[in-house]
Amino acid sequence: MKVVLAQAAPHLGNIGKNLELHLKTIDRARREKADLVVFPELSLTGYKLRDLVETVAADPERSKEIRELRLLSKDLAIVFGFVEERASERGLFYNSAAFCAKGRILHVHRKVFLPTFGMFEELRFFAPGRNFRAFDTPWGKMGLMICRDFLHYNASYLLYAGGAETMIVISAAPGRGLSGGGGFASSRMWELMGEAMGRFSQAFVLYCNRVGLEDGAAFAGGSFLFNPMGRRLAQAAYFEPELLICDIDLNEIRKARKNWPFKRDDKPEVTLEALQRIVHGLDD
Amino acid sequence: MALTIDCPFAVRILTTFIRDELAKFGFKKGILGLSGGLDSSVCAFLAARALGPKNVIGLIMPYGECFGSDVEDAREVARVLKIRSAVIDIAPMVDAYFERFPAANQVRRGNKMARERMSILYDHSAREKALILGTSNKTELLIGYGTIHGDTACAINPLGDLFKTQIRQLAAHLGLPERIRTKLPTAGLWKGQTDEAEIGLAYVEIDRILYQLADERESKAEVIARGFAKAHVEKIMAMIKRSEFKRQMPPIAKISARTVGHDFLYPYDWDK
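As they're listed, the protein sequences go chains R and D. If you count the first sequence from 1, position 175 lands on 175 in the numbering used here, and the numbers rise without skipping. If you count the second sequence from 1, position 255 lands on 255 in the numbering used here, and the numbers rise without skipping.
A couple of the hints might just be wrong.
Simulated pairs of lysine-lysine, BS3-like, Cα-Cα distance not exceeding 30 Å [said to hold, decoys possible]:
| no. | chain 1 | residue 1 | chain 2 | residue 2 |
| --- | --- | --- | --- | --- |
| 1 | D | 28 | R | 17 |
| 2 | R | 64 | D | 272 |
| 3 | D | 272 | R | 24 |
| 4 | D | 29 | R | 17 |
| 5 | D | 24 | R | 17 |
| 6 | D | 24 | R | 64 |
| 7 | R | 17 | D | 129 |
| 8 | R | 24 | D | 129 |
Hints are computed from structural coordinates only; laboratory data are not their basis. Since this is a predicted model, take the numbers as computed values, not measurements.
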């Protein structure tokens, strides 16, 4: 399977320009004979929207931009980020990711963990999603996470327990701290999670982060792919636009899960019961 | 050491920031005040790299003959970088004003000079279609060591998240003239003034204390436990507190359904 991570810099609050960016990138991915192209978080709208959120919100069933992307997915799967507002839930805005393939939207994930601290203020402007669900694709079960979702390891676990063999993370993570040496100090955190989740979920981890600047925040880039043994297959530059192209061998999932049977030996019912005791306060 | 930065990477980010931010607003040129000191020289070096020397204008704005060697150093920066520059003496304007208020003290005079320079920069910004690049560093912003609506006024500030000692690292990396890198920092408010004498602490210590308090969010007790003098930590905390008004827009009495700056919130880079 050939994957393209589009480490791009979306325009803030301008869907027209961003659609153009998507179309151009999809064209390039197609020339590379890619099977899947992944865009970063809120790729159709830009990240730091604040009160612009409502002006760029789209209903995946009705938006003409999303329709265009969906139709382009007939021979190339596309993952992108957008602000979701459905006709059935007027006035509720979600930070969402869509997985399109075979001309259909196979799954929409709504960001569950909306960072609201320090430089982040997502809960001011977005409603939180409430689920992590693995879904079927032509390449096996996959799962979607959006940026901060990935830093909560229960998100990866739920997708793993649900059968995901590939985790796709779309991100708009700013870089913080310059004392790391070679890139931002904060990038290490994402890479560590990528390696750990790849290895212990025995799944491919595709992490696509954005670049560019918004209101002085520098998005770090450094998109990466880890294989089910936790080996880094490829990584894009920090803070530079890049089309990261990588062939992945889906047989590696089988190999990893056969050699180290974590998945076979997992006990989600124990987790469930323990969580119920914790959440409902049944423990002493 | 936590204050040590990766200079080549920092330069990449800051030059991209200058270039991108100007381009978003439809500008090619940047303008800044050149004092002959470290911060404005580093900013000029970054701007020249980001925009090309032709697109950078350095205004050298001395008060009369008061700071002779600084003017020379500022000219040297312009020469080395091959950027455009001009010298505008602010003494006639400032003196004309204080002829009416001769009793004004040093601080009032110093602030007036800073605002005179700001006023000239904004006028030239319009004349040259160039955005003003700020040169206030993080140390100054945190302790409030700057004149509100004076040297802190700008369109974008590439240096505002770098402590003074980190600017020194950048200066060495960028190859600033030795004289500028080693001279004692001064706000240039009056003759013989130095920042460290006025503040009463060395930048090396100020930055280490600020780093623990601001970046690491440590409490006063935690910072003192690291071995810093209690009096120094308290002094810096007091300076931060006293200068909060310089870091914020003025409060608005909130009486409508939606207030500017409070819940009327749009990105600075709105549709750019």
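Status of each hint after checking the structure:
{"no.": "1", "hint": "D:28 - R:17", "in the structure": "21 Å, holds"}
{"no.": "2", "hint": "R:64 - D:272", "in the structure": "23 Å, holds"}
{"no.": "3", "hint": "D:272 - R:24", "in the structure": "20 Å, holds"}
{"no.": "4", "hint": "D:29 - R:17", "in the structure": "25 Å, holds"}
{"no.": "5", "hint": "D:24 - R:17", "in the structure": "14 Å, holds"}
{"no.": "6", "hint": "D:24 - R:64", "in the structure": "27 Å, holds"}
{"no.": "7", "hint": "R:17 - D:129", "in the structure": "26 Å, holds"}
{"no.": "8", "hint": "R:24 - D:129", "in the structure": "33 Å, violated"}
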